[in-house]
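Chemist: With the UniProt record's numbering, the residue at position 175 of the sequence shown is 175, and numbering never jumps.
The set of hints was computed from the structure by calculation and includes no laboratory data. Errors might be hidden in some of the hints.
So the derived label-pair ranges between C-beta atoms look like this [unchecked claim]: (1) 3 - 139: 24 to 32 Å; (2) 151 - 16: 15 to 23 Å; (3) 48 - 123: 27 to 35 Å; (4) 164 - 102: 17 to 25 Å.
Ideal placement from N, C-alpha and C gives every residue a C-beta, glycine not left out.
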Amino acid sequence: MTEIRTPRLLLRRWHDDDLVPMADIHADPRVMRWVDDGSVRDLDHTAEAIERWEEEWDEEGFGLFAVELLASGELAGFTGLSVPEFLPEVMPAVAISWRLGSQFWGQGYGSEAAQATLEFALQDRGLDRVISINRVGDDASENVIRKLGMVPERETTHPVYGFPLRVHTIDLTEFQA
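The task is simple: from the sequences and hints, build the whole structure.
Modeler: Written out as structure tokens, the structure reads:
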């Protein structure tokens, strides 16, 4: 079982008792504002998503980690790696992403989890390049992306929703652990 510990976080595979707290995160319009069409998601959708995330772990050897606060055991959200099949123009690629509950924003958890995940991707999983895709205007994600040392590669449009996206990249030669 893959786990990563940082000073304040445990990045781990998903447990059954993660469903309700992740569904609560998905039910928050502030969290979902920058995701797909901005719609909140219910318990059933969250259960299906967690199942897909776990399947990606089994198929790819990486996936989205549940992010747990070491101090309290609370589920803060996720960070991890996925194959961005929704955007064929960047393929083949592995993308890093994150989603945290709004009560965990502004405390550095996103950057801490993303940095650990990037190290996992480039050092443990042997990837030589990782991208991040964010919606233009999502300044909080842009800040995390910059802290990771990623640089803009291109701008494009979401193929389903039509809003502008920015693709950032980092490769092993640019990475500073």
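Chemist: Hints first: check each against the structure and report whether it holds.
Modeler: These are the hints, each one checked on the structure:
{"no.": "1", "hint": "3 - 139: 24 to 32 Å", "verdict": "holds, 31 Å"}
{"no.": "2", "hint": "151 - 16: 15 to 23 Å", "verdict": "violated, 39 Å"}
{"no.": "3", "hint": "48 - 123: 27 to 35 Å", "verdict": "holds, 31 Å"}
{"no.": "4", "hint": "164 - 102: 17 to 25 Å", "verdict": "holds, 24 Å"}
Hint 2 from the earlier list is the only one contradicted by this structure; the remaining hints agree with it.
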